[in-house]
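*Asks:* Spelled out, the chains give:
2 protein chains.
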Amino acid sequence: MLTGGPSSTGGVNRGPLLTEVGVVGAGPVGLAIAWRCAQRGLRVAVHDDRPGSGASQVAAGMLAPVAEAYFGERELTALLVDSAARWPGFAAELAGASGVDLGYRTEGTLVVGLTADDLAEAGRLWSYQRGLGLPITPLRPSALRDREPALATRVRGGAVAPGDHQVDPRRLVTALRVAAERAGVVFRPARVGALSEVDARVMVVAAGCGAAALTGLPVRPVKGQVLRLRAPGGGPPGFRHVIRGYADGEPVYLVPRDSGEVVVGATVEERADTEVTADGVLRLLRAAVELVPELTEYELVEAAAGLRPGTPDNAPVLGALPGRPGVLAATGHHRHGIVLTPVTADLLTDLIVTGEPDPALAPFTPDRFPKEPLWN
Amino acid sequence: MLTGGPSSTGGVNRGPLLTEVGVVGAGPVGLAIAWRCAQRGLRVAVHDDRPGSGASQVAAGMLAPVAEAYFGERELTALLVDSAARWPGFAAELAGASGVDLGYRTEGTLVVGLTADDLAEAGRLWSYQRGLGLPITPLRPSALRDREPALATRVRGGAVAPGDHQVDPRRLVTALRVAAERAGVVFRPARVGALSEVDARVMVVAAGCGAAALTGLPVRPVKGQVLRLRAPGGGPPGFRHVIRGYADGEPVYLVPRDSGEVVVGATVEERADTEVTADGVLRLLRAAVELVPELTEYELVEAAAGLRPGTPDNAPVLGALPGRPGVLAATGHHRHGIVLTPVTADLLTDLIVTGEPDPALAPFTPDRFPKEPLWN
Chain A
79 MLTGGPSSTG GVNRGPLLTE VGVVGAGPVG LAIAWRCAQR GLRVAVHDDR
129 PGSGASQVAA GMLAPVAEAY FGERELTALL VDSAARWPGF AAELAGASGV
179 DLGYRTEGTL VVGLTADDLA EAGRLWSYQR GLGLPITPLR PSALRDREPA
229 LATRVRGGAV APGDHQVDPR RLVTALRVAA ERAGVVFRPA RVGALSEVDA
279 RVMVVAAGCG AAALTGLPVR PVKGQVLRLR APGGGPPGFR HVIRGYADGE
329 PVYLVPRDSG EVVVGATVEE RADTEVTADG VLRLLRAAVE LVPELTEYEL
379 VEAAAGLRPG TPDNAPVLGA LPGRPGVLAA TGHHRHGIVL TPVTADLLTD
429 LIVTGEPDPA LAPFTPDRFP KEPLWN
Chain B
79 MLTGGPSSTG GVNRGPLLTE VGVVGAGPVG LAIAWRCAQR GLRVAVHDDR
129 PGSGASQVAA GMLAPVAEAY FGERELTALL VDSAARWPGF AAELAGASGV
179 DLGYRTEGTL VVGLTADDLA EAGRLWSYQR GLGLPITPLR PSALRDREPA
229 LATRVRGGAV APGDHQVDPR RLVTALRVAA ERAGVVFRPA RVGALSEVDA
279 RVMVVAAGCG AAALTGLPVR PVKGQVLRLR APGGGPPGFR HVIRGYADGE
329 PVYLVPRDSG EVVVGATVEE RADTEVTADG VLRLLRAAVE LVPELTEYEL
379 VEAAAGLRPG TPDNAPVLGA LPGRPGVLAA TGHHRHGIVL TPVTADLLTD
429 LIVTGEPDPA LAPFTPDRFP KEPLWN
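These protein sequences, in sequence, are chains A and B. Following the numbering used here, the numbering of the first sequence begins with 79 at its first residue and continues without gaps. Following the numbering used here, the numbering of the second sequence begins with 79 at its first residue and continues without gaps.
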């Protein structure tokens, strides 16, 4: 087992350690690591004064490695594809272990363009994605509307990514907490101001944006505003696929849930506040109703903002912190925290148990960033 | 004093009556009547399980007899003008009696049109209003922008109604409750399901939309959705006047408060629910930012819907119910409840004290509607 810190250096007798793995942060990533480690027989404690209160509370839960595959991010795309492939098994196992329905749905994703310009922009990306061998198939407008009659007649065209699924992130957090508790994970409901407060042989910093202050890693908050609508009459939404679109240059996604909820997101803003603004709500609503006009009749039940942990290269930070024995990072997941939860948990748990990093972690190690004065 | 009901018919000794005036409904109208009656030495009780929870909670508080003067509503306009003239004295007296700042502001109202079509529509109404001798003055675009530089450069023109003021309805309710209590009014925090539950010599039904079920009056709910924005940085909004406008055919108003709040309203929907909808929010935000672009940067702090008590002729119902001795109505104020509060309170109190209706009440008597089966 990978160990580190003062307690592993021998010599000083600090008494019996209660915790082998201390996870800082009870979002999906931290909880999944804790659950996996406990399944491997490790004694695990999760430290968080407000579990599940971070970015996952606002996240839509798209599991979209294809639609999220972006120019110049091949290594990230490979990790997204890897993790998405783990999702069906992960979801089934977690639902079984927790008894919680995750809202995992496999109808797939439609990517659409409202105008000719929007379609041209989307088409460039589809070509790139198809060039990587990813499953995305352009559809004739008639075929698009056959799949989703709720789409506006103005929508010029689209494509289907059948393997891009969805899950409900709030249910995911609930399920992970239950499963982790059942597996023996201990929860410590206190805020961690410094890693020295955590008494464990291995520490995992899965604190989202909070990782910056705890580790000096270049993780910055990227604000996202998200709306939750509800279909009238208590029924499900009038469409089944996740719909991602460009509407007059405005990117938007619509995630329908069985409960009648539709998540509409998300702005991407280089800001650290969590205010909901007139501009954010207006842009999201305008784009949403342009793509799916029936949404005008929906109730607006929530408008919220969260902070994604962004990194200089938009990829997560996974692995041992240089110069900090026994401290691992699992943060910087930016817009991909939900889809990357299974692979992050599996690879970090393997690293903790074996002490050896999986080669898949190589592109994401914490030491890939130049050291700055902030590092400590 | 006007009296009625079983207790005034003599004969049966029901013991000493505790209450001379029972007011059903603790919105601004009911509270102001109760306060005025208590000032005249009457024993008053106000019955409401949720004081101040009705339309006033959502209202913007424009005191706008001129901008609200509409074709074919001359008698209502006269009442609005009468009440607006009472507002300065009413506000000063109430602030003194309660110690509560009402947020009463006298910068006046600008009425603007975004497009040439919007301006043409507004101009027709200004001509009508000026024909009635009401103070509204068209402004050159340069003069309009001198008064409010925050207006979009696209705004084609406007007019100023210097006598159309504003008050904060939530503060108004607070002030009226304090003043009424100090004047000896008793509050009974129970829901009134039927007038027979109220033991008083005179009853005043000031229950907004609830008056329909209590009296059979043709009062219907008219839904309004309203947003509350907040200026960034903790300062006041970047404009001082109330701004009423037409933006691509969409009517909207913007009411700035010293606290930094801007009320954006309001939809007018023939519905009885209080759901906030995507369409309502989208229309209000779009119109608002088209007139005052800086609002895009404002925080959206609240989206809510309320139900105005509408009547067949859009005018309030004020006076004795036919066939119901001792029962008075003070409801049906529709979009004008705040501005009409002083005149309603004064005229109803005079009627209760003297037993004689003021001639100004004649156009608004409850018996002006044809009887329907619902009447009881």
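A couple of the hints might just be wrong.
[Claimed, not checked] Derived Cβ-Cβ restraints for the label pairs, each shown as a range:
(1) B:V346 with A:P371: 37 to 47 Å
(2) B:R269 with A:D179: 31 to 41 Å
(3) B:V346 with A:Q135: 48 to 58 Å
(4) A:P267 with B:E199: 37 to 47 Å
(5) B:D351 with A:R223: 23 to 33 Å
(6) A:D179 with B:A291: 51 to 61 Å
(7) B:R349 with A:R223: 23 to 33 Å
Since the hints were derived computationally from the structure, they do not count as laboratory data. Note that CB positions come from ideal geometry on N, CA and C, so glycine has one too.
*Asks:* Each hint should be assessed against the structure and marked as holding or not.
*Replies:* Taking the hints in turn, this is what the structure says about them:
1. B:V346 with A:P371: 37 to 47 Å: Once the Cβ atoms are compared, 22 Å apart, the range 37 to 47 Å for P371 (chain A) and V346 (chain B) is violated.
2. B:R269 with A:D179: 31 to 41 Å: holds, 39 Å
3. B:V346 with A:Q135: 48 to 58 Å: violated, 35 Å
4. A:P267 with B:E199: 37 to 47 Å: The hinted range 37 to 47 Å is violated for P267 (chain A) and E199 (chain B), with Cβ atoms some 59 Å apart.
5. B:D351 with A:R223: 23 to 33 Å: holds, 31 Å
6. A:D179 with B:A291: 51 to 61 Å: Since the Cβ atoms of D179 (chain A) and A291 (chain B) sit about 41 Å apart, the hinted range of 51 to 61 Å is violated.
7. B:R349 with A:R223: 23 to 33 Å: holds, 30 Å
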